[in-house]
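Chains as they are written, first to last, in the working numbering: chain A, 1 to 382; chain B, 1 to 126.
Just so you know, the hints here were simulated from the structure itself, not pulled from any lab data.
Glycine is no exception: its CB is placed at the ideal position from the N, C-alpha and C atoms.
This list has only true hints and no planted wrong ones.
Partner residues are not named here, just some residues of chain B that face chain A (Cβ under 8 Å, in silico):
1) G36
2) D37
3) V39
4) F40
5) T62
6) K63
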Amino acid sequence: MVSDPPLRHTPLEAVHERLGARFTAFAGWRLPVRYGSELAEHHAVRRAAGVFDLSHMAELVVEGAAAATVVDATLVGSFAELAIGRARYSLCCEEGGGVVDDVVVYRTATDRFLVVANAGNRQPVAEALEAAAVGRPAAVVDRTDELALVAVQGPRAAEVVRRLATPAGAARVGGLAGYGCAEVELAGVPALVGRTGYTGEDGFECFVAAPAGAALFEAVLAAGRDDGVVPAGLAARDSLRLEAGMALYGNELSRDVHPDEAGLGRLVRLDKPAAFPGRPALERRLADPAGPRRRLVGLAGNGRRAGRHGYAVVAADRPDQPVGRVTSGALSPTLGRPIAMAYVDAGQAALGTQLEIDVRGDRAEVEVTPLPFYRRRGADGA
Amino acid sequence: MEVPAELRYTEDHEWVRLDGSTARVGITAFAQDALGDVVFVSLPELGAQVQPGEVLGEVESTKAVSELYAPLGGTVVERNDALLDAPGRLNDDPYGEGWVCVLQLADGEDVTGLLGADEYRQRTTE
Numbered sequence: 001m002v003s004d005p006p007l008r009h010t011p012l013e014a015v016h017e018r019l020g021a022r023f024t025a026f027a028g029w030r031l032p033v034r035y036g037s038e039l040a041e042h043h044a045v046r047r048a049a050g051v052f053d054l055s056h057m058a059e060l061v062v063e064g065a066a067a068a069t070v071v072d073a074t075l076v077g078s079f080a081e082l083a084i085g086r087a088r089y090s091l092c093c094e095e096g097g098g099v100v101d102d103v104v105v106y107r108t109a110t111d112r113f114l115v116v117a118n119a120g121n122r123q124p125v126a127e128a129l130e131a132a133a134v135g136r137p138a139a140v141v142d143r144t145d146e147l148a149l150v151a152v153q154g155p156r157a158a159e160v161v162r163r164l165a166t167p168a169g170a171a172r173v174g175g176l177a178g179y180g181c182a183e184v185e186l187a188g189v190p191a192l193v194g195r196t197g198y199t200g201e202d203g204f205e206c207f208v209a210a211p212a213g214a215a216l217f218e219a220v221l222a223a224g225r226d227d228g229v230v231p232a233g234l235a236a237r238d239s240l241r242l243e244a245g246m247a248l249y250g251n252e253l254s255r256d257v258h259p260d261e262a263g264l265g266r267l268v269r270l271d272k273p274a275a276f277p278g279r280p281a282l283e284r285r286l287a288d289p290a291g292p293r294r295r296l297v298g299l300a301g302n303g304r305r306a307g308r309h310g311y312a313v314v315a316a317d318r319p320d321q322p323v324g325r326v327t328s329g330a331l332s333p334t335l336g337r338p339i340a341m342a343y344v345d346a347g348q349a350a351l352g353t354q355l356e357i358d359v360r361g362d363r364a365e366v367e368v369t370p371l372p373f374y375r376r377r378g379a380d381g382a
Numbered sequence: 001m002e003v004p005a006e007l008r009y010t011e012d013h014e015w016v017r018l019d020g021s022t023a024r025v026g027i028t029a030f031a032q033d034a035l036g037d038v039v040f041v042s043l044p045e046l047g048a049q050v051q052p053g054e055v056l057g058e059v060e061s062t063k064a065v066s067e068l069y070a071p072l073g074g075t076v077v078e079r080n081d082a083l084l085d086a087p088g089r090l091n092d093d094p095y096g097e098g099w100v101c102v103l104q105l106a107d108g109e110d111v112t113g114l115l116g117a118d119e120y121r122q123r124t125t126e
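Please construct the entire structure, taking both the sequences and the accompanying hints into account.
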C-alpha cells in the first residue's frame, strides 16, 4: 500500500485552528479552506478585505552578481531591466515550451530577486534556477521554510496595512504602485511588502520570518476588525481568482499547455538575448501565423448551473463532438451567474461564440466572454 | 453538530421526518457543513415514483457535487422550490426551511432500516 507523505504545516496553523478553520490538503500542505462561509469570505474581500495565509508558496531567492542573468536564463520574461522595488508575473517553461510553473518575481536589490512559485512546483522551479546558476556568480536559496506569507486583499487593504507600519513605512506602502514592492516594518517586524495578489482587488502580499507570521495575521485582523476584514481560505481565493480571470497552475496551466494557448504569449520576451528553457520551441510557436490550435477563453452563462473542471464544451450544432474542456468553473459569487475558463478550439474562441457545457448530462448554454469576468472599479487593467 | 432526536437518518447524511404515511427529507447539519456553501440544488419532479436509494436530485457546493438519494420508496408529493433560488437555506436551516421534499410512502414501506439520532450521531463522530 502506498501512503502519501505527511502533510506540511503552515507556521500559522494554530491561529487557523483557533479561528475555527476547516482544513484541506493542497499541494502537500494542510491549509485552511474556509473559516465559516466561503461565500461570505469572498464577498468580504470584494467589499472590505480578507487576510490569507499563503505560507505554502515557495520562496526562492536568487542572489549574487549574476542574479539577473540567472533569472533571465530561467524564466520567459526579461528581468535585467526590472527596476528594484518592482515585481513581475512570469513563466518557467520546459524545453518543449510547456509551462512548468507561473511565478511572481520581486526585485529587491540589483543583485537579488525573490521568485515566488507554486507550492507544488517548488522543486522543478528551484532546479531550473539552479541549472541556470551553474558556473555563474549567483546562488539560489530556498527560503520557503523560513518565511511566512500573509496576503491582505480588498478595497480596505491599503488602509489596514498602513496602520501596521511606522509613519514612514505607511507612506511607502501607500505609495506603492501595482506590482511595486518595498521592505518595511509591519507590526514591528521586517517585511517585504508587494502590491500584488490573486483576487482582482487592490492588496498586498507580506513576506515575514516564519515565527512572525501568526502575529502579523492576527494584527491584520485586529487592525481591520471595524473595516470588516475577515480571515479567508483557499475556497474564497479560488473563486476570487477565477472571477479575476487569473490562471491556477494545474487547471489553466500545466506542462501540456503553452503560453500562447493560455493567452500569456506576451510574457515571452524574445527580444532579450538570454537563452532559456523552451526558447526555440516558443520562437517557432509565436512565429506561426496560424496561431495556437486551442485557446483559453472565458465562458459565461445564465441560471445557476456552473461547468466545473474537466467538463466538456460542445458546439450547439455539433453536440457529439467536444470542442474544448472547462479548466475552472463556478457560480460567480459577485456576478451571480455561472462562469468558467476553458480551452476551446481556436475556431470557437471568438468573443460572442455560443457554446454549451455538458453539466452532468444537461447542456448549459454559455457565451465566449472577455476575461477577466470581474474588474474592480478604478483598476487600470494592468 | 445538531442531530434532532425526533428525526431518523441515513448513512448518506440525510434526515427523514416520519409523519403517518409521509416522510419529509433533507440533509443533515453535518452534511451541509461538510459541503460548504450550497450554490445549486436540483429537485425531483412532483409525482415522481422513487425506489429507496434512487437519485432524487443533486446538491452542488462551491467544492463538490453530491447526489440526494431517496431514503425510502414512494411518490414525491411536495418539493421545496424555494431552494432553487435560495439554496443557502440548506446551510442556514437544514432541518427547517432547508427541507428538500416530502414522499408519500409506498404501502408497507419498511422504515426500520433508518438510523436513530444516537446511531447517526455516533457515525458522524467516529
